[in-house]
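Colleague: Below, each chain spelled out in residue letters.
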Amino acid sequence: AQSVTQLDSQVPVFEEAPVELRCNYSSSVSVYLFWYVQYPNQGLQLLLKYLSGSTLVKGINGFEAEFNKSQTSFHLRKPSVHISDTAEYFCAVSDAGAQKLVFGQGTRLTINP
Amino acid sequence: DSGVTQTPKHLITATGQRVTLRCSPRSGDLSVYWYQQSLDQGLQFLIQYYNGEERAKGNILERFSAQQFPDLHSELNLSSLELGDSALYFCASSATDRVNQPQHFGDGTRLSIL
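The listed protein sequences correspond, in order, to chains A and B.
Counting from 1, position 67 in the first sequence corresponds to residue 1190 in my numbering; the numbering is continuous, with no gaps.
Counting from 1, position 18 in the second sequence corresponds to residue 63 in my numbering; the numbering is continuous, with no gaps.
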């Protein structure tokens, strides 16, 4: 069965610093990978997705992620964070032939001024 | 604004009761997904409907059921409620039944069982 591990439950960083949120998955077949963001009191919003092709995926709000098949990872990065990036971030995976997404437990990103 | 509407936003009820949560998908989307988000279990997929038919099932309890109506809105019915059912319930919609399509989430219904 698919599983997703987000290695950090909380990540505090200073404003304008770079950040990396880590995500590892377990799957033996072709996968689709997603990062979603959840702002306080809101639903989830898609940041970016990897379906196939280039392993470096660019998303909204200056975020990007790199698919690494050998390490089964899909880490999310941003070179310079803003206060408005404070939110919970979820990594999700699906086998290419499956009908459902499996979400990680989430990483709470806190930006300090 | 995702275009997905969930009602009510908050629901407080007692153990043993039954509630119905409603979801209107984004205009043009045919798939509706239901998720449960709790502190201990995280975000769990419950069930998916596509154009009125059940398409995929996740960790949905037998006390829970859902349906999608001809106008594509969906309802999640929770019965014989227990304290552990307290959670945030999200509905999401997508254009097709393919998991590679983006899912657009509503703001959720917060269910509190007293």
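Simulated from the structure, these hints should not be mistaken for laboratory data.
These numbers were taken from a predicted model, which means no experiment stands behind them.
Treat the hints with care, since some could be wrong.
[To be verified] DEER-style ranges, computed between Cβ atoms:
1) L1174/A <-> G73/B: 33 to 43 angstroms
2) Q112/B <-> A1140/A: 43 to 53 angstroms
3) E1139/A <-> N104/B: 34 to 44 angstroms
4) N104/B <-> I1183/A: 23 to 33 angstroms
All C-beta atoms, glycine included, are put in the ideal place defined by N, C-alpha and C.
Colleague: Can the suggested window of 33 to 43 angstroms be confirmed for the beta-carbon pair L1174/A and G73/B?
Modeller: With Cβ atoms ~21 angstroms apart, the hint is violated.
Colleague: Is the gap between the beta carbons of N104/B and I1183/A within 23 to 33 angstroms?
Modeller: holds (30 angstroms)
Colleague: At the C-beta level, are Q112/B and A1140/A separated by a distance inside 43 to 53 angstroms?
Modeller: holds (48 angstroms)
Colleague: Please test the hint of 34 to 44 angstroms on the beta carbon pair from E1139/A and N104/B.
Modeller: Given range 34 to 44 angstroms: holds, Cβ gap about 40 angstroms.
Hint compliance for this structure: hint 1 alone is broken.
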